[in-house]
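Peer 1: As you go down the protein sequences, you meet chains A, B and C in turn. For the first sequence, my numbering puts the final residue at 138, and the numbers step up evenly by one. For the second sequence, my numbering puts the final residue at 1129, and the numbers step up evenly by one. For the third sequence, my numbering puts the final residue at 2242, and the numbers step up evenly by one.
If you're looking for bench data, these hints aren't it; they were derived computationally from the structure. Treat the hints loosely; a few may be bogus.
Said to hold, decoys possible - Distance ranges between label pairs, derived from CB positions:
#	chain 1	residue 1	chain 2	residue 2	range
1	A	21	C	2197	46 to 54 angstroms
2	C	2164	A	17	46 to 54 angstroms
3	C	2166	A	59	17 to 25 angstroms
4	B	1120	C	2103	51 to 59 angstroms
5	B	1107	C	2108	27 to 35 angstroms
6	B	1107	C	2166	33 to 41 angstroms
7	A	125	C	2197	46 to 54 angstroms
8	B	1120	C	2164	42 to 50 angstroms
9	A	92	C	2198	30 to 38 angstroms
10	C	2166	B	1025	27 to 35 angstroms
11	C	2171	B	1052	47 to 55 angstroms
12	B	1075	C	2226	41 to 49 angstroms
13	B	1113	A	126	20 to 28 angstroms
Heads up, the beta-carbon is just placed ideally off N, CA and C, and yes, glycines get one too.
One-letter residues, chain by chain:
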Amino acid sequence: MAITALRSETAIIQTPEQLVQARRMVLEWTTRLAFSAVERTKFVTAASELGRNALVHGKGGSMVITELQRNGMSGIQLVFEDQGPGIADIETAMTDGFSTAKSMGFGLGGARRLVNEFELSSIPGKGTKVSVIQWKRR
Amino acid sequence: MILETIPILKLGKLLLVTIQVDLHDELVLTLQDDLTNKLAVTRSRGVLIDISALEIVDSFIGRSLATIASIAKIMDATTVLVGMRPAVAITLVELGMSLKGIRTALNVDKGMKLLHDAMLEQEAWPSPR
Amino acid sequence: MALLTAAAGQSFDEELAGERWDDVRAGLVNLSKRRAVAGFSPSETATFIFSLKKPLFEALNRAYASDPARLSEEIWLASTVLDKLGLLTVDAFQQGREQLILRQQQELLDLSTPVIKLWDAIVAVPLIGTLDSERTQVVMESLLEAIVDNEATIAIIDITGVPTVDTLVAQHLLKTVAAARLMGAECIISGIRPQIAQTIVHLGVDLGEMITKSTLADALRIALAKCDLMVTKSDRRVASRD
C-alpha cells in the first residue's frame, strides 16, 4: 500500500527547552489530525522519551515530523536522529529493567509499545536513528 | 529568561502542589528545593500533588514525582498524587512505570481525605525510622 | 444516462481517468448505491449498464456504416468503456458493504462495553464474549473514564461471560488494574470460574495483589466493606403490621 508524505517540519533538540518545544509540536500535530486522547498521549509521550534520549544520550539531535497518508488513513511519522555514541547492545536497551529510582533509562522498550510502527538503527560511535509512526485509528 | 515556579499552597496541615506546566529539568529541581524548604518551615505532614492538568507524563516526570515523594517521606510527610488522566495512566502502564510508593487518589477531595487518614494513622503509630 | 452520453461524446479515453469522466463515475457510484438500497443485486445493476451496449452499437452502426474498419474500432472502444463502467458499479456495491460492516462492528463494540454504577464510588463492567486486543482497549478506556465520571474508588470487572482467558487477556486485565490503581481506584475481578483459575495458574500469570472473587455478589460485598458501608436488614415489615 502506497504511503504519501504530506507536510514535514524539523525541530532541533539541543537543549531541554527545545525538547519541550518539540514535544509541543507533536502535541499540536496530533491534535490537528484529531487523534483520540489516548493515541495522542501515547504518541507524544513516546516522542518525549525518544527526544530525551537524543538529547541526553545522543548529545543532542533533531526530530523530523511528517504527516502521512495511507489508503485514506492519516498518520504521523517522527524520525529522531543524533550523532551520539550510539547503542552497543540494542537488545538490552530495549528491555525494561529500569526502575523509577534509576536515572539511566533508555525508555526505548516503553516507547516501542506506545507506537504503531517502530524502527531503530544505531552504529556505536556514529549515532542513532529512531523512526516511529502512529496511525489514526478511530 | 522567564522564571517559572510551581506554586505550593498551604492548606491546613497539607501542602498543595498544582502542576500545570511542562516539567523540565530545571523546573523539577526548583520544585524539589521549594518543597523541601516549605516542608521544613511549615512542618506539614502531607503533600498533595495535583496533576489533573498534565496531558503528558513521561518517564522523566514520573521519576521526578517519585523522587519528590521520597524526599517528602524523609521529611516525614506523606505524598498523594491526584487527578491522573485515564490516557496518562494507560500510557504510564505501557511504559512500565508503576510509581510504587506513591499513593494516588482520583481528585483533590479524595486525596485530602486519604492524607488526613494517613496522618491520623501516623500520629497513632509513628513509623520507626 | 445523459451524463454518460455527454462524456462519451467528448472523448473516448480508454482509461476513464480523465476529469471528464469524474462526473460519470460519481453518477455511477450513486446509481449503484441507490439500486443496492432498492434491493437490486450488483449483477443486476451491472447488467443495466451493459444493456446500454445495444443502443450504442446501433447508433455507431448508423454513423459508420460505410467505414467497416472504423466501425469495428469504435464498437470495440464502446464495449471496453461500458465493461469498465459496469464493473465500477460492482466495486461501488462492494465498498458500500464493507463500510456497513465496519459501522456495525463499531456499534457492536460500543454496545458490548457498558459500565454500570453499582453504588456511590463503585462501578462495574460485565465483560461478555471473547476479548481481543481492540475490544480490551475500548473496555479499558471506558472503565477508566467511568471511574473519573462517577468518582469511583472501586471498579469491579466481571468476567463470567468470558469463555477463555489466555495470556494476552490476562495481561490486558493486569494493565487495566494497574492503570486504575495509578488513578487512585482499586479493581476487583469477579466471575472467576474454576477452569479459568486453573488456566491462569498454568499460564504462570502473576496476578500480584489483584483481588479476585468468584461471584459479583462477593465482589460487591468486599467493595462495600472497603467503602465503609454496611448492608443491614430494615425493620419495615414489623412496623407495617400495626
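Peer 1: Compare the structure with each hint and give your call.
Peer 2: Outcome of the hint check:
Taken as a hint, the range 46 to 54 angstroms holds for the pair residue 21/A and residue 2197/C, whose Cβ atoms sit roughly 51 angstroms apart. Against the hinted window of 46 to 54 angstroms, the Cβ-Cβ separation of residue 2164/C and residue 17/A comes to about 51 angstroms, which satisfies the hint. Judged by the Cβ atoms, the range 17 to 25 angstroms given for residue 2166/C and residue 59/A is violated: they are separated by roughly 44 angstroms. Take residue 1120/B and residue 2103/C: their Cβ atoms lie about 55 angstroms apart, and the range 51 to 59 angstroms holds.
Taking the beta carbon of each, residue 1107/B and residue 2108/C are about 33 angstroms apart, inside 27 to 35 angstroms as hinted. Residue 1107/B and residue 2166/C have their C-beta atoms about 36 angstroms apart, which keeps the hinted 33 to 41 angstroms range intact. At roughly 53 angstroms, the beta-carbon separation of residue 125/A and residue 2197/C lies within the given 46 to 54 angstroms, and the hint holds. Range check, residue 1120/B to residue 2164/C: about 46 angstroms between beta-carbon atoms, so the 42 to 50 angstroms window is met.
Separated by about 35 angstroms at the C-beta atoms, residue 92/A and residue 2198/C satisfy the suggested range of 30 to 38 angstroms. Remark: the range hint 27 to 35 angstroms for residue 2166/C to residue 1025/B is contradicted by a beta-carbon distance near 43 angstroms. The beta-carbon spacing between residue 2171/C and residue 1052/B, approximately 28 angstroms, falls outside the hinted interval of 47 to 55 angstroms. The hinted window of 41 to 49 angstroms between residue 1075/B and residue 2226/C is violated, with their beta carbons roughly 30 angstroms apart.
At roughly 55 angstroms, the beta carbons of residue 1113/B and residue 126/A sit outside the given window of 20 to 28 angstroms.
The structure shown violates the earlier hints numbered 3, 10, 11, 12 and 13.
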